[in-house]
Amino acid sequence: MNKDFYISLISKKLSNELNAAELKDLNIWLSDDKANSLTLNQFKSTWDLTTDYKSDFSFDAGTAFQSFASKYEIPTTHTKTNIEPKRKVGVKKYIFILALLMITSAFIGALIYNSYFNSDNPNQIANHEMHAQSFNLNDAVNVTIAPNSRFEKGVYTIERKDVSENSSSNTINSSNNNSKNGNSIIGSGNNGNGNNGVSTNGNNANGDSTNGNNTYADSKYGNKTDGIRTNQQESYSSYTQDLSNNSKNNSSDYNINDRNRSSNNLGSSGLTNDKNRSKSNTDNRRGIGSGINNDSQNSKHGHDGKNYTVENFYGQGYFDVNVKSGMKPAIIAVEEGNYIETENAIFNLQNYEDDNFSIIDVQTGSVKFVAGDNVLIVEEGQRLIYDETTKNFEKVSLPKLSPFQWHKGILVFDNTPLDEAFSMMERFFGVDIEVTDDSDLSNQNFTATYYKSSTLNDCLEILSESIDMDIVRNGQRNIEVSNIK
Amino acid sequence: MNYTDSELIEIFYEDGSKGIELIFKQYYEVMCRTAIRITKERSLAEDIVQEVFFELYKKREKLKIESLVGYLKRAVYNRSINKVKGRKDHVDADEIAYELSDNGHNSQDEMEYGELETFINGVIDSLPEKCRLVFVLNRFEQLSYKEVAAKMNISVKTVENQMSKALKILRAEFEKYKYLEKILDADRGILSE
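Protein sequence lines, in the order shown, are assigned to chains A and B. Per our numbering, the first sequence runs over residues 1 to 485. Per our numbering, the second sequence runs over residues 1001 to 1193.
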């Protein structure tokens, strides 16, 4: 018998298709030579590796049903409460049990919360696992966001391309804006004053700003509280902001305590992040509901969000966009009028509020990044680094180790400068890491991979084994590091 | 809240639109997963599943369903396989001599992403179409060789051959991946010295 015959038997074994005679043949072959057992094991490993084939897609049945019902004209006027199946057991009994469960859960939850967040046991926070959250925003866009990231939802459905634009509809003006200071102007409709020369009806508005400020002529955008749109109808005739006073690198937010963080040169990009690592008196993690500066947030947002799937994205997100043919592209608004437009792509977006740059990594497909006058196409396998202060950008190849791993709960440090590693840990675990002495971080790099369920404790333990340093946990969320050698 | 199939069928026959909503919400995701493995394309998979639900809704007065899941699975399999076969670029796998070194799947590219799961997905996606379909139906949909043969209108012997072929390709690609990973690790070691 040739080897192919036995490979066929192996595949039958893995598929549970072997009959008794074939099983006997296979066992004889396996006992003939140890190499045969090795071959079987290799096939078995390969078989096992395929377990998760295409398992990482998520589907939102609720949203999909709306689209389905609309497409096929299926009436959906009823509410869920009147479509309960006939139950043999009384509904009241279930309601009572449910209420009891909810009260018990709330009580237990309160106990856990108190013991967790109101205690000063540093190990508790350190044992936090890193959890990414996934959202199915509509039938075209899925996003997984890293901890301490946030965004606002825009429209839920992607519009058809052939729908003619309403002249009063608000659309983003992108590459044709003219601003004398090089900053973009976003125009939207319903501008009560109309004093900014911004066209309101489509794609080619030419707004001119002459005062060196970034001017927003948005008359309708929502007030936000903790990142949640609360009043989309509230009207603003115009809004002018001085960009120079509103950069993300706003040190007044922080009580700067320089810990010698090295300049972050983003690999070969030449872009610099002059943000000093700080011990923050405010919540500089900017998590969901973490007390965001509302003024700052509003001022960064200059459109009504009509065509945006995602608005004001801060943090890190792994987007999977697949727009059906005939539909308009999905648009992910970052800030300052910058946005990403794509029909089909999987990409990672980093736009942390305390960084002055955005990074877009494209895994598949391509995206268009529009930032003022810059319209940049980022293709599969490319990384775009955009400096929001200087408006400079650079395209490089993706890093060798995946920048996409985190969305599966895997943190990768690949010869990562120590200060960047601290930043990642801070962001992913929601803590502040402060270097309390004048230790030099500049030549310290860190390599490690943390898989799902790794905790901050695990990270710090391995970190301190790799690089000699003292780590002291001070309270719930503060970690002090010193004597780095 | 999850309903039993018999509850869903009862509601469906009493009120088609109510019933289809509940059935859709309960089974949409699992059916999409099945369809996406067969078609490889998310949007196509979702279209197929929606077509299946609409067919179910349209024929509610004529259909006599005993197993809801069975009905939906069969319909999704059939439509998905037909769509794949109907693709313009579909080529009978048996007509192609599949060469591991030149199959359009670049291990080095995947290595740069450094993600084994992505790599494995890519290798399965790049299997010859018939080979991939056989493998997917058996491996993930748990269809027996006989059932796969019936669904694809091929012989059981062909299913056996295609399964062996799929496993051989996957194993070879995985070995190549491990080899490249070692080289990459060695490179990193040199660089960090």
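Rather than coming from a laboratory, the hints here were simulated on the basis of the structure. For every residue, glycine included, the Cβ atom is placed at its ideal position computed from N, Cα and C. Keep in mind that a hint or two might mislead.
[Unchecked claim] Partner residues aside, some chain A positions facing chain B, computed with beta carbon under 10 Å: (1) K12; (2) E17; (3) D25; (4) N27; (5) W29; (6) D32; (7) S45; (8) W47; (9) G62; (10) F107; (11) N322; (12) T390; (13) F393.
Evaluated hints:
The beta carbon of K12 (chain A) is positioned within 10 Å of a beta carbon in chain B (closest approach about 7 Å), and the interface hint is therefore held. For the restraint placing E17 (chain A) at the interface with chain B, the shortest Cβ-Cβ distance is roughly 5 Å, inside the 10 Å limit, so the hint holds. A distance limit of 10 Å between C-beta atoms decides the matter here; for D25 (chain A) the minimum to chain B is near 14 Å, and the interface restraint is violated. A distance limit of 10 Å between C-beta atoms decides the matter here; for N27 (chain A) the minimum to chain B is near 19 Å, and the interface restraint is violated.
The restraint placing W29 (chain A) at the interface with chain B is violated, with a minimum CB-CB distance near 15 Å, outside the 10 Å limit. With its C-beta approaching chain B no nearer than about 20 Å, D32 (chain A) sits outside the 10 Å limit, and its interface hint is violated. Using the Cβ-Cβ criterion of 10 Å, the hint placing S45 (chain A) at the interface with chain B is satisfied: the shortest such distance is roughly 8 Å. The beta carbon of W47 (chain A) is positioned within 10 Å of a beta carbon in chain B (closest approach about 7 Å), and the interface hint is therefore held.
The interface hint given for G62 (chain A) is met, as the beta carbon of that residue sits about 7 Å from the closest beta carbon of chain B, less than 10 Å. The interface hint given for F107 (chain A) is violated, since its Cβ lies 24 Å from the closest Cβ of chain B, which is over the 10 Å cut-off. Among the interface hints, the one on N322 (chain A) holds; its C-beta lies about 5 Å from the nearest C-beta in chain B, closer than the 10 Å criterion. For T390 (chain A), the suggested interface contact is broken, since its CB lies about 29 Å from the closest CB of chain B, more than 10 Å.
For F393 (chain A), the interface hint is violated, since its Cβ never comes within 10 Å of a Cβ in chain B; the closest pair sits about 22 Å apart.
In terms of the numbered hints stated before, the structure departs from hints 3, 4, 5, 6, 10, 12, 13, listed from lowest to highest.
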